[in-house]
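Asker: Hey, can you piece these two chains together into the complex? The hints should help.
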Amino acid sequence: MANLHLQTVDLIKRFGGLTATDKLSLEIERGELHAIIGPNGAGKTTLIAQLTGELAPDSGRIHFDGEDITDLPVHTRSGRGLARSFQITNIMPDFTSLENVALAIQAHAGHSYRFWKNARKDTRLTEPAQGFIDMVGIGDRAHVQATNLSHGEQRQLEIAMALATKPSMLLLDEPMAGTGPDESARMVDLLRRLKESHTILLIEHDMDVVFALADRITVLVYGRAIASGKPEEIRVNPEVKAAYLGDQDGGHA
Amino acid sequence: MARLRIVLLIGLLASLALVPPIATWLDEPFYIVLFSRMLILAIGAIGLNLVMGYGGMVSFGHAAFVGIGAYMVGIGSFHSIEDGIDWMASGFFQLPAAIFVSAFFALIIGAISLRTKGVYFIMITLAFSQMLYFVAVGVEIYGADDGLSLYGRSEFAGLLDLNSDSAMYYVNFVTLGICLYAVHRIINSRFGLAIQGARSNERRMQAIGFPTFPYRLAGFVISGVICGIAGFLLANQTDFVSPDMMHWTRSGDLIIMVVLGGMGTLFGPLVGAVAFLLVEEILSSITISWQLYFGPLLILVVLFARGGIDGLLRPRQRADG
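Here the protein sequences come in this chain order: A and B. In terms of the numbering used here, the first sequence is residues 1 to 253. In terms of the numbering used here, the second sequence is residues 1 to 321.
Only chain B is shown next, with the shape it has when bound in the complex (with noise of 0.2 Å):
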């Protein structure tokens, strides 16, 4: 079984690997755009997983930085245009803004809502996410609820050209592994394991000398930064960014990723978001209503396999990912 795991594991990073070639051959470029989306989606859950798998903290507002990532790309292209300001346009200037603006809202809404727990905890970020929401929609000069129409992709000063979309994809692809190595060795470092140690058991944390709060709080950053990555990405991919990528609904995809995949597993989030887009994929192409089954077949993920389906397939749940 735990062979049949990595077998399979391997198996997906290899086909996602072999997507843009498979897909030109086909002569059917939109997998190409589909399975990009998996890929950013993926990042967006990984983020996620990282304080709700592992440090057990249930955020229902992380769709928010995601949506930061993305307007960081937006208000870039918008004022290169508009004001001719160059240097906006540049992803030397809208990546790390992506990073830096996720990581500061991660701040602030992580040091307030962290003093709460359970339900509080997520209602609390629910609460936060909304609220960035409707400034978005508020916001007149970037387009309010409309969004905004990116007038190009990050310009790496010719060093990366986003403008394809295999390269994009690759682009995704390559960041997602990032991702992935990043988390594997933060879950199995000294602070991962402070924070999963707070996770199994906050009191007793405190008890041998762990001060827990700025150790979830530092967790709670990496995840909004890695969700605003994951934005950045997503606001390029689709050239467009708007209020509705920050709907607390957004949110909640991420989180039926995360359960759907193997909450604490290093791989579900990746195994969650390609299952939730193909599904839905499938789903959608055969009925309009195809969340009527959606709903049901997550019902019984949550019911028969409690770890996901990552779950399914190893033996026993170990926190080591």
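Bound-form chain A, shown alone (with noise of 0.2 Å):
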């Protein structure tokens, strides 16, 4: 068996008469970036609630690093080393930038029953935070308040926020949902660096970012995996295509 970082088994989610996950085995391998693709309503925020815990699954598992992790809440699966970033920007929008990041760091620096020094002067905190948000290249901007920030801005706010908690694997949900033409060429970039030292499932909905940064594809549609494989074989296979990527010449869904 391949060193297998994630890995869902027979996951199951309905709501109501809407099954968003439908026995689902997905396997993830260390080091990949997985791309999962599919049209609106396949299920994909669904699955990525599930992996985070936001969500419980009606049956089925989920592995994390070989742990069965499917009963975990949120921040425990956290500090196992899983970090996502939202579909629609999830950010403390009344803190800075830098306060953002220092958040995530303070949340795997031990507990913080700490009541009397003061975290915001915390060099262990604001040091290394200055330091992520410099790697997504929004430096310049960690005094200003997040919901100032361009929307470029506060996306790859989202992803420092989720390096920041030291994660070995990273769950993307649309990182370049809204971002103009620039913005979204220097997430790619991003993430292409990124791809170096973390595992990444990516959701992503821009064709040409998936086929040029996924080592593995998944396309979902109605919550059921209907083929997987490498971006040459995803491209040309036939089932995709009819169900997916349609007439539509690999462009936008």
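What the hints contain is simulated information worked out from the structure, not anything from laboratory work. Note that the structure is predicted; figures quoted are calculated from it, not measured. Fair warning: there could be bad hints in the mix.
Facing chain A, from chain B, some residues (calculated, C-beta under 10 Å) [as the list claims (entries may be wrong)]:
#1 F104
#2 R185
#3 L193
#4 F210
#5 T212
#6 I222
Ideal Cβ positions, reconstructed from N, Cα and C, are used throughout, including at glycine.
Answerer: As structure tokens, then:
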């Protein structure tokens, strides 16, 4: 068996009559960038929510680093090294960029029942936080309130926060959503660098990005994986073409 | 603007420090009592502000903790005379009792209430405080709804005499100072950032690895303890405890003080408590239907000064007090 980093076994999630995840068995190898594509409503975000623990699956198991994490709460999974970014920008709006990232570091620097020392001036938090902000390319925006960042900068901040939790694996839910061409070029650049050091599960609508970056691709339709394989295999897979890529010629879904 | 705010705050603290000598000079000792009440309610509002302003948990039941703190003084005083248990008259028993019992109830009420959010949280904290109110109303031995008059104020073994209004005033003033400084430290600490992060975006805080519930609960307990201390002082100040101290309208008063002064700012609750009692005092000396005018005034503050009085004076709302 290959060196599996994350694995789902027969994962099922239903919302009333709708099956959002349908007996899904995924295998993500250590170090790969695995993209999940599929039309709207295919259950991609629902899948991420189950992987992070925000939603409990109806049945099936999730293994991470060889251990069953199906019943662990969200914050514990973060502690194990699983980090996510959100499809809809999700930050602490009334904190500065630096404080947002510093909080992510604080979350993994022991308990926070420390009531007296000023954490805003704690260089053990602020220095590495600045490092992550520099890494994603918004270093000069460290002291700007997150709500005042541009959309693209907020997406970058999201990644910095995810990285600050020292994850071994990143779950990125449409990191390009709503970004302009410049910003998305920068994001692709960043993902290419992150790929060197992290296992990445990427959900993305931009097919050019997916086919350029992914080591393997899984195609999700109505919660079911209809195909999984290398980009070149997926590109020519007739079932995928019919169900998803259609006549759009690999453009935006 | 920012400098004006600091000057005004220092001016406020300095004037508060000078209240007893000025009131004595004017031969109006009543003002010492009035301002003492302001300081005590400000401490209660500071406690509430920690969960409401910084933690985003709108508790409609914090008067219960004030009442618990007050009853520890009343009950201690009662047994010291009725049953001859001398040590129960001591502040060294009553104050820790006020702290621990309010902490205990805050822990239980918080552990249950914090599983809910928004309106449900408001309602469940209200329900708990009303429950304690009716318990107090029902306990015959402690005067039921008539309350208890103290046989004497808390005794601190001759180290501290609370029996003069001035001494009581300065005890309140120093306690207020300690609470302000403690909250200032807390909100800038790792713990403080954790609960403010949970207010800002709880889902995200969990995603980056914070178990938000125990932190919020700890904040709720600290806040309850601060209110318990306010209750300890309030009982000594008024020489009297009654269920009315826990009534939901008292919890509402605390919320109004926090909102009026500025939610989530360090000095907001103090400013709010002073403004609340001053306006009450002035309006009620003009007309008996003073609440008729107080209501619209509040609405104006909420509509036009979202950050409360303190918010009017600062350029931009920041969460660092």
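Asker: Run every hint past the structure and note whether it holds.
Answerer: These are the hints, each one checked on the structure:
1. At a threshold of 10 Å, the smallest CB-CB gap from F104 (chain B) to chain A is about 19 Å, leaving the interface hint violated.
2. Hint status for R185 (chain B) relative to chain A: holds, with the closest Cβ pair at about 5 Å, below 10 Å.
3. Restraint check, L193 (chain B) versus chain A: the minimum CB separation of about 5 Å is within 10 Å; hint holds.
4. Annotation: interface hint on F210 (chain B) holds; nearest CB of chain A at approximately 5 Å, less than 10 Å.
5. Hint status for T212 (chain B) relative to chain A: holds, with the closest Cβ pair at about 8 Å, below 10 Å.
6. Taking 10 Å as the C-beta contact cut-off toward chain A, the hint placing I222 (chain B) at the interface holds, the least distance being around 8 Å.
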